[in-house]
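Taken in sequence, the protein lines are chains A and B. Plus 229 on top of the position in the first sequence (first one is 1) and you've got the working numbering. Plus 61 on top of the position in the second sequence (first one is 1) and you've got the working numbering.
Watch out, some of these pointers could steer you wrong.
[To be verified] Computed spacing ranges between beta-carbons, pair by pair:
1. A/Asp586 with B/Asn120: 50 to 56 Å
2. B/Asn120 with A/Gly533: 36 to 42 Å
3. B/Ser126 with A/Arg414: 44 to 50 Å
4. A/Asn290 with B/Arg121: 25 to 31 Å
5. B/Arg106 with A/Asn290: 41 to 47 Å
6. B/Arg121 with A/Ala326: 57 to 63 Å
[Unchecked claim] Quick look at which bits of chain B chain A covers, simulated, 3 or more residues with Cβ under 8 Å:
7. 68-77
8. 81-88
9. 91-99
10. 116-127
[Unchecked claim] Away from chain A, derived, C-beta distances all over 12 Å, residues of chain B:
11. Met62
12. Glu105
13. Arg106
14. Gly110
15. Ala112
If you're looking for bench data, these hints aren't it; they were derived computationally from the structure. Every residue, glycine too, gets a C-beta built ideally from N, C-alpha and C.
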Amino acid sequence: MREVAVIGIGKTAFGAFADRDLRSLAVEAGLACLGDAGVSPSQIEAFYLGNFAGPSFVGQNHLAPYIAGAMGVEHVPCTRFEAACASSGSAFFHAVASVASGMYDLVLVGGVEKMTSQTTPKVTEILAGAGDMAGEGRAGATFPALFAMIARRHMYQYGTTREQLAAVAVKNHSNGAKNPQAHMRKVITMEQALNGKLIADPLTVYDCSLVSDGAAAVLICPLERASEFTSKPVVVKGIAQTSDHVALDEKDDITTFRAVKEAAQKAYKMAGVTASDIQFAELHDCFTIAEIVATEDLGFVEKGSGGPYVLEGKTCLRGERPINTSGGLKSKGHPVGATGVAQICDVVLQIRGDAGDRQIARHDLGLTQNLGGSGATAVVTILGSA
Amino acid sequence: MKGVIYTETVVFAPPEQFAADAPYQLVIVTLEDGKRLTARIAGERVAIGYAVELTETRNRIPFFSKK
Numbered sequence: 230m231r232e233v234a235v236i237g238i239g240k241t242a243f244g245a246f247a248d249r250d251l252r253s254l255a256v257e258a259g260l261a262c263l264g265d266a267g268v269s270p271s272q273i274e275a276f277y278l279g280n281f282a283g284p285s286f287v288g289q290n291h292l293a294p295y296i297a298g299a300m301g302v303e304h305v306p307c308t309r310f311e312a313a314c315a316s317s318g319s320a321f322f323h324a325v326a327s328v329a330s331g332m333y334d335l336v337l338v339g340g341v342e343k344m345t346s347q348t349t350p351k352v353t354e355i356l357a358g359a360g361d362m363a364g365e366g367r368a369g370a371t372f373p374a375l376f377a378m379i380a381r382r383h384m385y386q387y388g389t390t391r392e393q394l395a396a397v398a399v400k401n402h403s404n405g406a407k408n409p410q411a412h413m414r415k416v417i418t419m420e421q422a423l424n425g426k427l428i429a430d431p432l433t434v435y436d437c438s439l440v441s442d443g444a445a446a447v448l449i450c451p452l453e454r455a456s457e458f459t460s461k462p463v464v465v466k467g468i469a470q471t472s473d474h475v476a477l478d479e480k481d482d483i484t485t486f487r488a489v490k491e492a493a494q495k496a497y498k499m500a501g502v503t504a505s506d507i508q509f510a511e512l513h514d515c516f517t518i519a520e521i522v523a524t525e526d527l528g529f530v531e532k533g534s535g536g537p538y539v540l541e542g543k544t545c546l547r548g549e550r551p552i553n554t555s556g557g558l559k560s561k562g563h564p565v566g567a568t569g570v571a572q573i574c575d576v577v578l579q580i581r582g583d584a585g586d587r588q589i590a591r592h593d594l595g596l597t598q599n600l601g602g603s604g605a606t607a608v609v610t611i612l613g614s615a
Numbered sequence: 062m063k064g065v066i067y068t069e070t071v072v073f074a075p076p077e078q079f080a081a082d083a084p085y086q087l088v089i090v091t092l093e094d095g096k097r098l099t100a101r102i103a104g105e106r107v108a109i110g111y112a113v114e115l116t117e118t119r120n121r122i123p124f125f126s127k128k
C-alpha cells in the first residue's frame, strides 16, 4: 500500500443559510479545497461524496455527479456514500483506500448536508431514519432519545453527572467562539448548560449538536507526490472503518461503542502508535455524552472516567489533550453528511499550524472519530505531519 | 411479557409523526429471556432496575407498566 497525504482542505461556514442550496455549498467547499492545493478540476480522477439524506432534506438524488459537474469535475467516477452521520468519514476511508491501492492519484472527497429548510420535527424524523425504523423508531425513538438512554445508563453504571455532560458543551462552545466558520460562536456558562430546555431527559438543548447547513472537502494523493502541491502535506498515518448493530437495543453494553473501539485499535496499529501518543482530537460530539464515551472507547481514559476527564479541564484548549478545538459538532455545527470530512479539515489546520486563535502548542499527531447512528458505523483516522 | 428497565428517557421533542404523544417515556427493557426491547411506558414514570410488564400494544408500539 502507498502512503496517502491530505494536500488540500476547504470548508464553507456552517450555519442556517436560507439563501443557499445543497449544491452551491458543496461546490464552494470543493473549489476552495482545489484552490488550497492549486489543482484544477480537470486533474481530479475520482470524486467521493458523503451525504446522509439529501433526498429527504431537499428532494435531490444522484448527488455525486450533480455536484461534481457543477465544479467542473467531469467524466470520472463520482459516488455518494451514506453511513448516517459518518457518511463523509466513510467516503474518506474509501477514498484513502483507492489512492493507497494505486488505483488513483488525485481524489477529491466532499461532504454536504442542507438541513435547515425543514421544520425541527421533520428533521428529527429524517434523522431517526439512521436508527432501526422497524423497532426503536416505531416506538418513538429520536436520536436525542437514544443518546439520552446511553447517558442514563452511563450515569447509572459509572456515576457520570449532569455537570460532566454540561462541561463538554461549555468547553466546545468556548472553542467554537474562536472559530470564524462555526455555526454558533457563543460562549455558554455551566449554569446555562444545566438549565436548558429538556429535549430528552437528561439531555437539554445544550447537550445536543446543532442542525446546520454546510459542506467540507479534502484532496488526497500519494505521499510521494504531495510536494508537487503543498509544502505542508498531512499524512494519513492510520485509518479504519468498522460497523455494529444499527439498533441500540441489540448492543450488549450501550455505554460503549464497540465499533469505535475496534476502529481505534486498527487505526492505532496501522499508525504504529498508542492512544497516549495522540496529542489532540476531533471527536463526534453529536451529544455531550458521545464525546465522553468516545474518550473512553479511544483509550484516552479508563472506562467510566470520561466525565471527570472533561470536567477537570484535561481536554480544553490549553489542557493536556485538547478535544474539539474547532468547537465540535456542538458549536461548529453538524451538517451530518459534512461532519467526517470537516473533522479531517480541522485536524489538518492544527497540524499545519494554521488554526489561528485556537491553535494548540502540540499539534503533530491528531485523531478524528466519526460516528454513524448510535454506533453502527465508526471511522477513526490518525493524521500526522510528514 | 415481563422485564426490567435497562435504561430510559422522556422525549420532549418528538419526531413529526409522534407530535401528539409528547412528552412520553421511552425505555429499553431487558426481557426474561435476556433479549432487549425498545418500548414505551404507560402510567407512572419508571427508572433503571424497575420491574415492568407488557400491558398493551397500540399501533404496533409495546407499552409496559410498573408491576
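Status of each hint after checking the structure:
1. A/Asp586 with B/Asn120: 50 to 56 Å: Holds, since A/Asp586 and B/Asn120 (Cβ atoms, about 52 Å apart) stay within the stated range.
2. B/Asn120 with A/Gly533: 36 to 42 Å: holds, 38 Å
3. B/Ser126 with A/Arg414: 44 to 50 Å: 46 Å Cβ-Cβ, so the 44 to 50 Å window holds.
4. A/Asn290 with B/Arg121: 25 to 31 Å: Given a distance of about 29 Å, which is inside 25 to 31 Å, the answer is holds.
5. B/Arg106 with A/Asn290: 41 to 47 Å: holds, 43 Å
6. B/Arg121 with A/Ala326: 57 to 63 Å: Cβ of B/Arg121 to Cβ of A/Ala326: about 41 Å, so the range 57 to 63 Å is violated.
7. 68-77: holds (count 10)
8. 81-88: Holds: 4 residues of the region 81-88 of chain B have a Cβ under 8 Å from chain A.
9. 91-99: With 3 residues closer than 8 Å to chain A, the region 91-99 of chain B meets the three-residue bar; holds.
10. 116-127: holds (count 3)
11. Met62: Its Cβ never comes within 12 Å of chain A, the nearest being 14 Å, so this holds.
12. Glu105: holds, 15 Å
13. Arg106: Violated, since 10 Å does not exceed 12 Å.
14. Gly110: Given a closest Cβ separation of 8 Å, the condition is violated.
15. Ala112: holds, 16 Å
In the structure shown, a violation is registered for the earlier hints numbered 6, 13 and 14, in ascending order.
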